[in-house]
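Trainee: Top to bottom, those sequences are chains B and R. Position 1, counted from 1, in the first sequence is what numbering that gives the first Met the number 0 calls 0; the numbers after and before it change by one each time, with no gaps. Position 71, counted from 1, in the second sequence is what numbering that gives the first Met the number 0 calls 70; the numbers after and before it change by one each time, with no gaps.
These are calculated hints, taken from the structure and not from any lab test. Treat the hints with care, since some could be wrong.
Each pair may be met inside one copy or between any two copies, as identical chains are not told apart.
Unchecked claim - Below, in silico cross-link-like pairs of lysine-lysine (DSS-like), each with a Cα-Cα straight-line distance of 25 Å or less:
id, residue 1, residue 2
1, K66, K53
2, K42, K4
3, K42, K66
4, K4, K49
5, K4, K53
Number of protein chains: 2
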Amino acid sequence: MTTFKVHVRVVPRAGLLDPQGQAVEHALTALGFAEASGVRVGKAIELAVKADSKAAAEARARAMCDKLLANPVTEDYLVEVEG
Amino acid sequence: MTTFKVHVRVVPRAGLLDPQGQAVEHALTALGFAEASGVRVGKAIELAVKADSKAAAEARARAMCDKLLANPVTEDYLVEVEG
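Please construct the entire structure, taking both the sequences and the accompanying hints into account.
Mentor: So this is what it looks like as structure tokens:
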């Protein structure tokens, strides 16, 4: 058993309204960052997963996303396993 | 001017209490994911940045983090520029 560091990124699906992202984009423009566009705000989750292999850790992390971390109707997720 | 896709990850600083991360960890344990530990929950921000170079896009994204996206007292951020 090895402990793998896993990074999960959960973002609103393309095409779905993202009011938080729009608010951040307006604030950036007001602060002088006119070069920023298409802002989407989601969740970044970091965790340690004990598993026999990197592939097993990724599979378990994906299962966690499907069951709890992401809403499959409105969100997409991306799982990265370190090491 | 090129448009670069930028991924920003903002997470609570190590050592600081993260109640949302603890809640997620308890929920994962309750759902049978006992192999998960050290859960930290932060923000994942995606945006497009118009800049002359990849380095310039990263510098502007870091300025956005310092001014708006992250709280320098309680959060750390990581900027990745695609392409």
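Trainee: All hints are to be evaluated individually against the structure, with a verdict given for each.
Mentor: Here's how the hints hold up against the structure:
no.: 1; hint: K66 <-> K53; verdict: within (20 Å within a copy, 37 Å between copies)
no.: 2; hint: K42 <-> K4; verdict: both (17 Å within a copy, 17 Å between copies)
no.: 3; hint: K42 <-> K66; verdict: both (16 Å within a copy, 20 Å between copies)
no.: 4; hint: K4 <-> K49; verdict: within (9 Å within a copy, 32 Å between copies)
no.: 5; hint: K4 <-> K53; verdict: within (10 Å within a copy, 27 Å between copies)
The structure meets every hint from the earlier list without exception.
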